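2 protein chains.
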Amino acid sequence: MTGGRLSRRSALGLIGAAGAVGVTGGFAAGAARDDDAEPQESVVPFHGKHQSGITTRVQQHLYFASFDMTSTATREDLKSLLADWTDAAARLTQGREVTTEGATGGGPYKPPDDTGEALGLEPNALTITFGFGPTLFAADRFGLEKKRPKELVELPSFAFELLEDRFSGGDLCIQACADDPQVAVHAIRNLSRIAFGRAQVRWTQLGYGRTSTTSKSQSTPRNLFGFKDGTANVFSNDDSDLATWVWADGSDQPWLAGGSFLVARKIQMLIESWDRVRLEEQEAIVGRDKGRGAPLSGGSEFTEPDFDVVSTAARGPAIPMDSHVRLAHPTQNGGARMLRRGYNYVEGNNDLGQLNAGLFFLAFVRSPEQFVGVQRSLAKDSLNEYIRHIGSAIFAVPGGIRAGESIGSGLF
Amino acid sequence: MTGGRLSRRSALGLIGAAGAVGVTGGFAAGAARDDDAEPQESVVPFHGKHQSGITTRVQQHLYFASFDMTSTATREDLKSLLADWTDAAARLTQGREVTTEGATGGGPYKPPDDTGEALGLEPNALTITFGFGPTLFAADRFGLEKKRPKELVELPSFAFELLEDRFSGGDLCIQACADDPQVAVHAIRNLSRIAFGRAQVRWTQLGYGRTSTTSKSQSTPRNLFGFKDGTANVFSNDDSDLATWVWADGSDQPWLAGGSFLVARKIQMLIESWDRVRLEEQEAIVGRDKGRGAPLSGGSEFTEPDFDVVSTAARGPAIPMDSHVRLAHPTQNGGARMLRRGYNYVEGNNDLGQLNAGLFFLAFVRSPEQFVGVQRSLAKDSLNEYIRHIGSAIFAVPGGIRAGESIGSGLF
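Just so you know, the protein sequences line up as chains A and B, in that order.
This note's numbering runs 47 ahead of the 1-based position in the first sequence.
This note's numbering runs 47 ahead of the 1-based position in the second sequence.
Looking at chain A on its own, in the form it has when it is part of the complex:
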């Protein structure tokens, strides 16, 4: 009755060369990177100097999960969980089932290891990226006090936030991105299953529609306010920028070398209010033109904004002092930039019939201060009338690993 065992491996025959990079054991140079959006790779190597899912071409769908360790979990539980997660993630990202037995190969008398809903689906460029929250390093928990990166602390309060606990924090996080949402959901679901008894889901976020690009060869997408977003992103082909703004060097904690910090913010957008704003005001708030995404100082999308240009029509700066693009721009924030990797979300309607929708902001930064500085600048942002930060979390993202190693083994 359990005939017809079907393996996801069949898909690998088609893309063997790319997939093989990840299992050679050494660091695959630039493994988790995609400078050429066309053709899009179907398998992203799991092993490498950095974790995949950071500089990887931004996939179309996200399923993000924050976990808390169970109240009785021990240091050994954490260690074994990370080892088990690593094994599973290495398989899943390569289009395999979660174990060798998978959904149908374990025989009739036990629950299948793999939940099966991704059988027959291609790997869809699945990446699985792990991170550790500040609470994981708290005293009297797992003996990791001395392994905490100095900068891994809860984010400070910012103007206009209305944070909810149910969208915030977490001991651990997993970011799963793929070009098919079922593949991303399958990954988180199976990793959650593996965690049973050791860690449990604290909150999750489904995102569709990337709002960022990590390569100029990908077109800049639009957010739910209809504007191009993330034009000034750190691009994955600029090693100098990545070294400056994204990768930790391990001088604080060696285990963080080649890693990064991940800032996650759930930003509700007040869609109906925004939709009643006249075009000129929308553009003044954002500081860009809506059609092309060009700064209001002139040019095209990738023209650098010129904050000194004066508009006679506006009787002041062409790019208003309280516009989003001015306040967020690196030149106004000591040069600070981030690698953004956010997604739009839509979750039905609230009790007033308004859309529950917005931006799930994800940024990878070498130091949380990059985010903190910009976010403080944004206190004056006229966009604040139309957005609310309702969730917040920060995680330290360890560096990549070789085959045979476990994510976070440097913690122990």
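A couple of the hints might just be wrong.
One copy or any two copies: either way a pair holds, since identical chains are not told apart in the list.
As the list claims (entries may be wrong) - Heads up, simulated EDC-like pairs for lysine to aspartate or glutamate below, C-alpha to C-alpha not over 20 Å straight-line:
| no. | residue 1 | residue 2 |
| --- | --- | --- |
| 1 | 157 | 432 |
| 2 | 157 | 319 |
| 3 | 96 | 134 |
| 4 | 157 | 327 |
| 5 | 194 | 124 |
FYI, nobody ran anything at the bench for these hints, they're computed from the structure.
If you're wondering where the values come from, they're calculated on a predicted model, not measured in any experiment.
For chain A, the structure is supplied; the task is to place chain B on it using the hints.
The following block gives chain B in isolation, referenced to the frame of chain A:
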């Protein structure tokens, strides 16, 4: 400052021939149909004998909205709303902005007509399908008592349902399907905006991952229990089956000719419980093997189940008496079949940390009795231990229209 107006029309240049079919004014034979999954069309004609989005190849994403007319809305409001929705839908499905002025062409001093987040995106096979709920025809509302199809009544109660008002009912519905979720969400958002003051959203459903196929050339997808679903669907290339099981002939209400009934059910799946069931039992509950989707009586996915086959191992029928495939099968239900078009959904986790996930079941039927009969059979389904129906709605779906006509004009 509003330079750089950008039209979605540019995308049309690439697929002009297909798009043109929809604007010739006559019925495009087989317009809303796709018998060849490869290559997948990018533009689906809006006009035709039937509404698109029924026999159309099942797109990858769904955004479904149920609306109630506002308490003060008049018959004229309803009529004008349907006319405005028709105009917008005809444009949106062809990859155009919602009006000729769109997101950037209306000048700086008014809110843009189009919310803009789909600018630059291809049409992605967007279809927009309208339906009318029983409450729209109630006495003392819009004078439509005599236009109500006899069979358009609330569905009866079924075993094991736990229906919630916030996922059920509605005066009107719009099903938007597309291969890019942002395109489907953009459509519903802009149609909701148009409705302001006349109708408001009652509930919505985001679906990803089709769980059905309307053509054998599309592979059968898997539901969140990891099984192939919808194998016995009515296929869009079988005119005889469509005439028997899907299309209304208008003998009851002429305005329903070429239309159908749409049954929507939100079915929560108890994922964690299911995942603890051993493989043999999962297969016995479903009545199919998990790997290939073959019936337990033998063969392959598309082999007809043989309910008379006896299994010595099971000491009874190979396909158990209380299995889902037996109880749902046409031969056990007077031949009744449905055109299913459902989607998986995942909406985070509940207070117990369990997945809020399941199937948003959509079926188009010539008569609601097709659904009612099968659902009554399913009272004995052993799958009921693992699912809960939490939302329910029924709509009459009018036939297709010619260019220049409005959806539902036959009501007035």
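Here is how each hint holds up against the structure:
1. In the homo-oligomer, the alpha carbons of residue 157 and residue 432 lie at most 20 Å apart only across protomers (18 Å), although the nearest pairing inside one protomer, at 54 Å, exceeds that limit.
2. Proximity of residue 157 to residue 319 under the C-alpha cut-off of 20 Å is restricted to the inter-copy arrangement: shortest distance 15 Å between copies versus 50 Å within a copy.
3. In this homomeric assembly, residue 96 and residue 134 come within 20 Å of each other (Cα to Cα) only inside a single copy, at 17 Å, whereas the closest approach across copies is 54 Å.
4. Proximity of residue 157 to residue 327 under the C-alpha cut-off of 20 Å is restricted to the inter-copy arrangement: shortest distance 8 Å between copies versus 63 Å within a copy.
5. Taking the shortest alpha-carbon separations for residue 194 and residue 124, only the intra-copy value of 17 Å comes in at or below 20 Å, while the best inter-copy value is 65 Å.
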